[in-house]
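A.B. asks: Here's the letter readout for the chains.
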Amino acid sequence: MKNAVGRDIPESLLTGGREVYQGKNYMDGRYIQKAAPYTRRCETPRESKLTESIAKALKDCGAKSGMTFSFHHHLRDGDYVVNMVMKSAIEELGLTDLTIAATSLGAAHDPVAGYIEQGRVIGIQTSGIRGRIGEVVSAGRLKTPAVIRSHGGRPRAIEGGEVHIDIAFIAAPTSDCMGNCRGIGGKSNCGSLGYAMTDAKYADHVVVITDCLVDFPNMPASVEAIDVDSVVVVGSIGDSRKIASAAARISQNPRDLMMAENVAKVIASTPYFKDGFSFQTGVGGPSLAANLFLEKYMDERNIKMGWAIGGICGPMVELLKKGKVGKVIDVQDFDLDGVNSINQTPGHFEMSASQYANPANKGAFVNKLDYVVLAALEIDTGFNVNVLTGSDGVLRGAPGGHPDTAAGSKCCIIVTPLIRGRMATVCEHVVTVTTPGDCVDVLVTDYGIAVNPTRPDLAACLDAAKIPHVTIEELKEKAYSLVGRPDDLEWEDQVVAVLEARDGTILDVVRKIKPYT
Amino acid sequence: MEILKPAVAGTLESSDAQVTVEPGSQGIELALTSSVMNQYGRQIKATVLETLKRLDVSNAKVTVIDKGALDCTLKARVECAVFRSCGASGGNIPWGGAVR
Amino acid sequence: MIPRPRPERFRLRRTMMFMNAQKPGLIKDAYIYGCDSIMLDLEDAVAENQKDAARFSLYHALKTIDYGDTEVIVRINGLDTPHWQEDIRVCVAGGADGIRIAKCESAQDVLTVEQAVETAEEEFAVEKGRTLLMAALESPKGILNAYEICSASERMFGVAISGGDFRKCMQTTPQRGGVDMLAARGQMLLAARAAGIQCFDTVFTDLDDEEGFQAEVLQNKAMGFDGKSLINPRQIRFVHQVFAPTEKEIIQAEKILLAYREQSAAGVGVFTVDGKMIDIAFIPGAKRTIQLAKACGMYEEGAL
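Chains as they are written, first to last, in my numbering: chain A, 81 to 597; chain B, 3 to 102; chain C, 3 to 306.
Quick caveat, the hints were computed from the structure, so don't treat them as lab data. Check the hints yourself; a few may be wrong.
Unchecked claim - No more than 30 Å apart at the CA atoms, straight line, and that leaves these computed lysine-lysine pairs for DSBU-like:
#, chain 1, residue 1, chain 2, residue 2
1, C, Lys130, A, Lys546
2, A, Lys376, C, Lys296
3, C, Lys289, A, Lys546
4, A, Lys558, A, Lys490
5, C, Lys250, A, Lys376
Unchecked claim - To give an idea of the chain A side of the interface with chain B (calculated C-beta under 10 Å), a few residues:
#, residue
6, Gly564
7, Pro566
8, Glu570
9, Pro595
All of these numbers come straight from a predicted model, not from anything done at the bench. All residues carry an ideal CB built from backbone N, CA and C; glycine is no exception.
Between the sequences and the hints, there should be enough to build the whole structure, so can you do that?
C.D. replies: Structural data, given as C-alpha cells:
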C-alpha cells in the first residue's frame, strides 16, 4: 500500500491496526491507552540493591529467552554496557531469541552483530544503527525486521505499549546503592540521562550498571531508585574518551561556514526570528557553525534566544553563559562542556526523551520549536530526507530527533553539501524516507537554497531579504550534471527494517540489498 | 599504446581514484572497487574502458580503486597511468586528441 | 565541454584563490565561494613527481567543469624548470582564461611565454590572442624590471607580487604593517599603473591571524591594489567587503556618469557635479566604481 510519501508498504506489515504514513499530525486528538509495567514490590526495608554480577541481576529479574532488553546510548561510541549485558545473558545464562530495544546502536556494539548471526538476538529496535550491526541487518541476517524509530517515536511506542521492555539496563556514570542515578560525578560522565528516563518508568525490571558508586542519596537523580531492582558495580561502563569529546569545535571548513552563514541569513529573514525565539541545531559541521553566524544577527537586532533544546555541546553552553539564550533543555550531551554544565549552569536543565520529542504526549518541546537546523545524507525533490541508509542501501545512520524536530518546528532547515564525493545529496528519490517532505521547509546547500513549495510564506521572506533561491529540481539537476545520474539500487523482497514515522505509522521499509554484480 | 611497465596514478583520498596499469596479454582485465559501486559501478567501468580504448590500449591489467571520483578525475588518472607506463607522461600529450 | 566566453583583459579581480590543480576534491567547484578568479596551481602546490598527473587533472577540469563567471587562471611552473612548455600546452588546449608566469624577471620572460602560448594556440586551433597573461614578481630583479614586464605584451592584464620567495631574497619575514615589502609593493604599483594594467597583492598565509590579514587587506586597498591572492575561501568575504565602494562613492559615480552622458551628448567636455569640476579623466574611475558596486550586489536597480 502506497503511503503519503509514495512508498510501497507491504500489506503483511499492516496488522493489528498499524497504518501507513498519512501526513503530518495525522494522529492528533486520538486517545491512547498507556501501558503499565509489571513490577515487583520492595516492601521489606533493605540496606542495598547491590548485586554481585550482571548474571545474578539477570537471574534476579527473571531473565529468560524471548525477552526484550533496553539500553540508552548516552555513552555513545564509548559504551561497554550493551556488550557486557548481552554477553552475560547469552554466554553465561544461555538465553536466546532476545530483542534489543536501544535508543541507538553504533560501532561500539559490533559484537552484537555476531549474536544476530548466531540467531541469539532476533529483534532490534533502535533509532540509530551503524557499524557491523547495520551490515548484518542489511544482509538479512536478523530474524525479524529491525524497527527504527525517532527519539520521540520510541517513548511514544513504549508508553503506548507497542514496545514492552522486560528489563531496562541503565548505564549510570554514578549511582548509589539503591539505584538513584546521575550522568555526572563519576569517571564516565555523560551529562544528561534523558534517553533512559522513559525506559526506567515503563520497564518491568530495571538494572543499574555503574562504575562509580556514591553515597546515598545521589541527588538530584535522573533515574530514581523507586524504579530500580538491582545495582551492579563494574570496573568501567565505557571509554570516557569516546563518550564526550573534549569540546565540539565549530568547523573551520570553508564550505561548512558558507552554508552556515546562509542558514543564519535564512533564519534572520523569517518572522519567527524575534526576541525569545527557540532553536535546535545538530552538531554536524554546518549545523553547529550556524550558531556562530546566528549570534551575529541576534546582536545586530538586539534580540535573545528564549530557549534551546536537543543534544547540547559547548557552543550552546557558551551562549547560555553569555546570557544570549534564556534556557537550555538538554536530552543528551555531546561534549565535556555540555556534560559539565548540565544542572550546574543556571538555566541548563535535563529532560526525558518523551518530554523532548514524544508526539503523543501533551507538551513535547519539539512542538514549540521555532527553528531546527538539521543535516541529511540525502534529500529528494519531494523534500523527503534520508539519514538512515547509505547510498549503497546499507543501514548506517540514525533518525534520532530529526523527524520529531522537523515535524514540530515552524521552520525546519536542512543544510547539506549538494554532493559528497560522487554521491548526489540532492536527488530524485532518497533511498529511504526517514523524515517526510511535508515536515521540511528550507534546503541550504553549497550550490544554492531551495524552499519547499508548501511554504510560499517563507519563499516570500527570502525574496524580501534578497536571498536568492532556486527550485529543488534545479539543485538536483545541478548535482546530477556533476556526478552523473545514479543507477537504481537493486533490492530483494525481504524487508530488513521497518521505519516508523514519529506517530507510529509506517513511513518506509528497508529491503535486503542485492550485491553489485 | 602498449603498456610497457607497471604504473600508478592517483591517490586513495576522497573524490579521487587510484589507477594501476600492468602489462597484460588477454585484453583488458579490469578489477574495480568503488565506494559508490551500487549506483555508479557501471558508469565507472564504462568510463575506464572508453578511456583505454581512446588511448588504443588493448592489453592490460587495470586496477581501479575508486573513492568517489568524478568522471573527469577517473579519465585523468587512467590517462596518466597509461602515459606513465610508456614513459611518456612528461610532455607532448595529445591534448584534445586521444586525451579528451 | 563547457564553452567559455573570450576572456576579458580588464575585469573585476578583487580575489584570486589558489587551488592545487592536483586535488580533485578542491578544483571541482572552487567557484562556489564567489571569488573573482581561481588560480589553479601547477607550481608549488604540486610535488615534482606529480607534475604530469596534475596536468591531466587540470585538462579535464578545464574541459568539464562549468566555472561560470569565475575567471580561471593557471599558475605554470617557472621557466627554469622542464615543465613550463607542457604546462602552457595544457592551459591553451584546455581553454584557461589566463596564465600566471611564475618567477618572472624580465620582459623577455613574458615574450618567451607569449611565443609558446601563440604556438599552442595555433596547435590547438584556439583563437589567437585569447589566452591572457599575468606575471608574478618574486625577486628584487623582477621588481626592478616591473615596468618592462608590465608593458611587454598586449596579453598582459596584471602583475602580482609573490611574498614568500620575495621575502627570502630580501632576507626578511612578514611584518605587521608591511614594511618588509613596502618598497616592492609601491614600485610594482607604480609600474602597473604606468603600463595601464592591474596589480595584485600576495597571499596572507597565517589563517589564525585574522587581525593581521584584515590590516593587510585594508592597506592593499589604501595603496591602490586591484585585488589580492588568497589561499582559503574564508578570506574572500573580507576582501570583497573592503574593496566594495561606499554608498557615497556609488552615488557620486552615478551622478558623474549620468551628467557625462548628458553633457557629452551636448558637446560639453567639462562640467560640474555638486559644485565639483568634472572632466573625462573622472569617467574610468566612476565606471569602475559602478562595476564594483554591481559585483558587490550594491547596485542592482540603478539608472546605469
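A.B. asks: With reference to the structure, classify each hint as holding or not holding.
C.D. replies: These are the hints, each one checked on the structure:
no.: 1; hint: C:Lys130 / A:Lys546; in the structure: 41 Å, violated
no.: 2; hint: A:Lys376 / C:Lys296; in the structure: 25 Å, holds
no.: 3; hint: C:Lys289 / A:Lys546; in the structure: 25 Å, holds
no.: 4; hint: A:Lys558 / A:Lys490; in the structure: 28 Å, holds
no.: 5; hint: C:Lys250 / A:Lys376; in the structure: 26 Å, holds
no.: 6; hint: Gly564; in the structure: 5 Å, holds
no.: 7; hint: Pro566; in the structure: 4 Å, holds
no.: 8; hint: Glu570; in the structure: 8 Å, holds
no.: 9; hint: Pro595; in the structure: 9 Å, holds
Checked against the numbered hints above, the structure violates only hint 1.
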